[in-house]
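Whenever a hint applies, use it, and build me the whole structure from the sequences.
Protein sequence lines correspond, in order, to chains A and B.
The first sequence lines up with residues 1 to 474 when you count with UniProt numbering.
The second sequence lines up with residues 1 to 139 when you count with UniProt numbering.
Just so you know, these hints were derived from the structure itself, not from any lab.
A virtual CB, placed ideally from N, CA and C, is assigned to each residue, including glycine.
All the given hints hold, so there is nothing to weed out.
Restraint ranges, calculated between C-beta atoms of paired labels, are given here:
#1 G338/A / K39/B: 15 to 21 Å
#2 S31/B / K246/A: 55 to 61 Å
#3 L58/A / K48/B: 43 to 49 Å
#4 S31/B / E406/A: 29 to 35 Å
#5 R67/B / A361/A: 31 to 37 Å
#6 V65/B / M1/A: 51 to 57 Å
Calculated cross-link-like contacts (lysine to aspartate or glutamate; reagent style DMTMM-like; alpha-carbon spacing at most 25 Å):
#7 K30/B / E83/B
#8 K84/B / E336/A
#9 K337/A / E93/B
#10 K39/B / E83/B
#11 K39/B / E69/B
#12 K374/A / E385/A
#13 K337/A / D100/B
#14 K246/A / D64/A
#15 K293/A / E401/A
#16 K111/B / E40/B
#17 K94/B / E287/A
#18 K94/B / E406/A
#19 K94/B / D52/A
#20 K337/A / E404/A
#21 K345/A / E93/B
#22 K142/A / E118/A
#23 K402/A / E83/B
#24 K39/B / E336/A
#25 K345/A / E385/A
#26 K432/A / E125/A
#27 K339/A / E40/B
#28 K293/A / E83/B
#29 K94/B / E40/B
#30 K293/A / E108/B
#31 K104/B / D342/A
#32 K345/A / D107/B
#33 K46/A / E62/B
#34 K73/A / E356/A
#35 K47/A / E62/B
#36 K162/A / D137/A
#37 K57/A / E204/A
#38 K402/A / E40/B
Here is how the chains run, residue by residue.
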Amino acid sequence: MYDLVVVGTGFASTFFLKAYLSKAPASAKVLVLERGHLYPHVERVKKGRGEDTPFAKLNVNYTDTFINNTPEKRWVFQPAFGGSSNCWSGCTPRFLPADFQMKTLYGVANDWPVTYQELDPYYTEAEELMAISGPDDTPFPKKQPYPLPAHTFTAVDRILQKEYGNLYISQPTARASRAVNGRGQCCGSVICRLCPVNAKFTIENSNIPVYEDPRVELLYGAQVLHLSFKQNSVEKLTFIKEGKEKQVTGDVIALGANALFNAHILLSSGDTNPFTGRGLGEQVGMETTVYLKDLATLGGSTLVNANGYMLYDGPHRTEAAACLIETSNNPFIRLEKGKWRDMAKFRMIFEELPDEQNYVAISDDRTRPQVYHKGTSAYTLKGIERMKKMIPQLFSCLPVEKIEFEEPFETESHIIGTTRMSKTASEGVVDKHMIHHQYRNLFVLGSSSFTTYTPSNPTLTLSALSLYAAYNSF
Amino acid sequence: MQRRKFLGLTAIGATAIAIPAIGFGAVSTKSAITGIIQKELSYLNLDKQGIEQYAADYLQYEGNVPRIELKLKMYRLLGVNSEKSSIVSALIEKYLLSTDFFLKNMDESRKINYIGYYNPYNSPCANPFSAQFYPEAHT
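Next comes the structure, spelled out in structure tokens:
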């Protein structure tokens, strides 16, 4: 019998454990079940150099772990120790206060049961733990400075920042602008899915010693199948390891898998909340190329140099999605004599709304969820059209020759929804502390709990929510 | 991208008809790569041996994808350029990143030397447009 059983070792689980262990007694017993294995950074880099490593075959390919009935919509993640911290890009803007009040302010979707103000101190702690690099002035309120200095602008960035002030900022990021905590300094290699100099925060390099804590037992290769409920609480948890089914009991259970598997575990357990598994979604991103006259994009210091908020918040959100602009520092080239770098590339990221027709369901294979997604909403498509109309005026401070819009990407590599947070069980699955509305010893962590799908990257917010949930529940 | 895909498909269709007449087997992938680069960047002073080494390295690192190799051969024969093919533009961009062109201030008058296949895992911090190479951009 454990005091706490945690599922997964990604951001959601790790930050939750960090807060839990700070309050738990020395006698506490914690079990962590991780379906994957540790694939160390140094071994991953070997693979990047084209060398063989036995670690490469330890973990299953993520595409084999679920059935995608609408494969034109991709869902990307890593089933390994540290989860998607291994492959994320390290973009960590906070949400805007308005993101938590979409229904009140814009009559869209629902309000979150937690406010920006409540989350603020936990944002600060998550930023400290990840040693975030960021600017002094931001479009979201912030009481403490970022731990590390901001990354540097290009000439293009400086013009836009001069024009738009704190609506155009150096991107807050977990790609360290200075060497810190055993991590290297980001030098703009822009292959952040696996940083060659280990500058990006990951669970492996986090210096958050939860998995070394003597109170914690970590079991690799253990996939959770389902929970058993008794009188509105979880009585036991069933998992499979090396082909054998096993059971474990805990006073408290915390699901920290991604939005596909949190929902799948609940559905496989007989959870009848009508929102469980429903509302699967993520942002929509698309690339915009701006050809410039005698102005080169040079001197940026990281993958995404800047975030633009000029198309983000405002009354338009009653009918059209917010857009967050990311400015790229990729080594793109304009193949024209004398104009090699006279261009800028922007990733336009649009919010999306939860839709009940996008969902996770159980399948004939008890280890694999099946997934359905009907496509981009009209709300988001209107946001894209709005962006296309406004961009020429927005970029008129630059010497623009031509603007090109690409087709949307197949994924933003986020998986959101399926156990949405709400004030009551009639509107969602978990409460403001991420506790299941019905099963009161069950936390459901991570971006599966997001009420709405703002254009801002989800990782910082889901990490702050894990801290908030644990500090306020134990 | 969509337009490029369309043009790519059109080119494949046209080549399928033309191939028997022009002797498709006479073109190796390596010579297709060197030919595409030389044609695309004809206005630059390129290091010919370096281009051949790049072609060999490209096939070592990115090769063994028959579909791509087939397309490169067809594009060489048809004269498809970087405006019409994302494969061609990626090939050219990777070549330029593998030279000293950007490290020498994009000077189009000097000879451009191949310095090694661009792979940030072998040579981290090699993005030639980054703050590492343009610190003056911040002063």
